[in-house]
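Participant: Residues per chain, in single letters:
Number of protein chains: 2
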Amino acid sequence: MKKSDQNNTITIGQVSKIKQISAYTLRYYDKQGLLPKVIRDKNGTRHFTNEDLQWLDMIKCLKNTGMNLEEIKVFVDSTYQGATTLVARIDLLKRQQDVIKETILEQQKYMDQINAKIDVLNKELISVENGKSETNK
Amino acid sequence: MKKSDQNNTITIGQVSKIKQISAYTLRYYDKQGLLPKVIRDKNGTRHFTNEDLQWLDMIKCLKNTGMNLEEIKVFVDSTYQGATTLVARIDLLKRQQDVIKETILEQQKYMDQINAKIDVLNKELISVENGKSETNK
DNA sequence: ATAAACCTTAGAGATTACTCTAAGTCAAGT
DNA sequence: ACTTGACTTAGAGTAATCTCTAAGGTTTAT
Chain A
1 MKKSDQNNTI
11 TIGQVSKIKQ
21 ISAYTLRYYD
31 KQGLLPKVIR
41 DKNGTRHFTN
51 EDLQWLDMIK
61 CLKNTGMNLE
71 EIKVFVDSTY
81 QGATTLVARI
91 DLLKRQQDVI
101 KETILEQQKY
111 MDQINAKIDV
121 LNKELISVEN
131 GKSETNK
Chain B
1 MKKSDQNNTI
11 TIGQVSKIKQ
21 ISAYTLRYYD
31 KQGLLPKVIR
41 DKNGTRHFTN
51 EDLQWLDMIK
61 CLKNTGMNLE
71 EIKVFVDSTY
81 QGATTLVARI
91 DLLKRQQDVI
101 KETILEQQKY
111 MDQINAKIDV
121 LNKELISVEN
131 GKSETNK
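Protein chains in written order, with this note's numbering: chain A, 1 to 137; chain B, 1 to 137.
Be careful, since some hints might not be right.
Remember, identical chains collapse to one label, so a pair may be satisfied in a single copy or spanning two.
[Unchecked claim] Below 30 Å or equal to it, Euclidean Cα-Cα: the simulated DSSO-like pairs (lysine-lysine) are:
no., residue 1, residue 2
1, K94, K123
2, K94, K42
3, K42, K109
4, K17, K123
5, K63, K101
6, K123, K42
7, K42, K101
8, K63, K94
Keep in mind the hints are simulated off the structure, nothing from the lab.
Work out the full structure: start from the sequences and follow the hints.
Facilitator: Structural data, given as C-alpha cells:
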C-alpha cells in the first residue's frame, strides 16, 4: 500500500482501469466541470472516492442515453447547488427517461425495417439460387 | 410543373424537405459514396428517384443504430456489386440487429439506473420538505 | 432582360469529444 | 542517488459529421 493511499480513495489510473475510461478522458471530464468533487492532494493529484465513481456511472448513463457533456454539466452543477434544485433534477431525469423510451421505440422500428430488408434480400437469394436470374437483380 | 421535372424524380431541395436532411448533408453523403445511383442532368443537378429515397431511409436506419458512414458505405458498395454479395449483406444486417438488441437492453438498464436515482432524490425531497435538513444534503 | 430561386463545386470552418505531447513534479524501490 | 512509474498542466492534434462560403450556372416568371 502506497503512503499516498488514504481514506479509500484511488488515483486516476486506477479509475481508468476500473471504469474503462482513459485517464485523458477523466481529466477532460474534470476540466469540463463534470467531476467537481474530486479532491486533490498537495501535489495536485486527484483522489477519487466511491462517490466520485458513482458520479462517473451517472455521467456514463446520461451520456449513453443521448445527453451531451454540456447538458450533463447542467445536471452536475444543479446537484452541487443543493436541495433547492431537487425538483428540477428529478424533472430532468424524468425527461431523460422519456428520451430513453423514445430511443427504444425508435430502435424497435429500425429492427422491423431491417427485418423487412432481410426478407427482401432472402427472396432475392432464393431467386438467384434457383437460377431464375443470370444478371444482378 | 417545372420543365426539368421528369420521370418522378425530385431535386435535392425537395428531398431535404421531405426527409428532413439538409441539402449540405445530402451532398456530403453523395460525396462519400453513399448515394451512387442518384442521376444527374446535363447541368450536374441531382435527380432523386423513389429508390434513392428508400436508400436514404436505409442509411438513416443504419446510422441511427450505430453504424458510421464508412461502414454504411461498405453496405452500399456491396449492394452495387450485385447478387454475389447477398449472403454477406444479409449477415451484415443480422449483425446490426444484434447491435440493436444490445442497444435496447442497455437503454433499459439505464432506465432502471435513472429510476433508482429518482427514488433517491425523491426521498431527499421528502426529507427537505419535512424540515429534517437545514443544509444541503 | 433581369431578378428570384434553384442548382453546382471545392474547400474552409464548426462542433463534439476526445487523445495525445511536452515538460515537469513527486514518491517508492534498489 | 537514481531510476521507474504515476501523476500534473496547457495546449495542440485528431476524427467524424456536418455546415457553410464563394463563385458561378440554369430555369422561370415578369
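Participant: If a hint holds in the structure, say so; if it does not, say that too.
Facilitator: Structure-based check of all given hints:
1. K94 with K123: Cα proximity of K94 and K123: across copies only (15 Å, versus 44 Å in one copy).
2. K94 with K42: So K94 and K42 fail the 30 Å test inside a copy (40 Å) and across (54 Å) alike.
3. K42 with K109: So K42 and K109 fail the 30 Å test inside a copy (54 Å) and across (39 Å) alike.
4. K17 with K123: Intra 47 Å, inter 33 Å, cutoff 30 Å: neither.
5. K63 with K101: So K63 and K101 pass the 30 Å test inside a copy (15 Å) and across (19 Å) alike.
6. K123 with K42: neither (69 Å within a copy, 37 Å between copies)
7. K42 with K101: Neither way: K42 and K101 sit 46 Å apart in one copy and 47 Å across, limit 30 Å.
8. K63 with K94: both (15 Å within a copy, 26 Å between copies)
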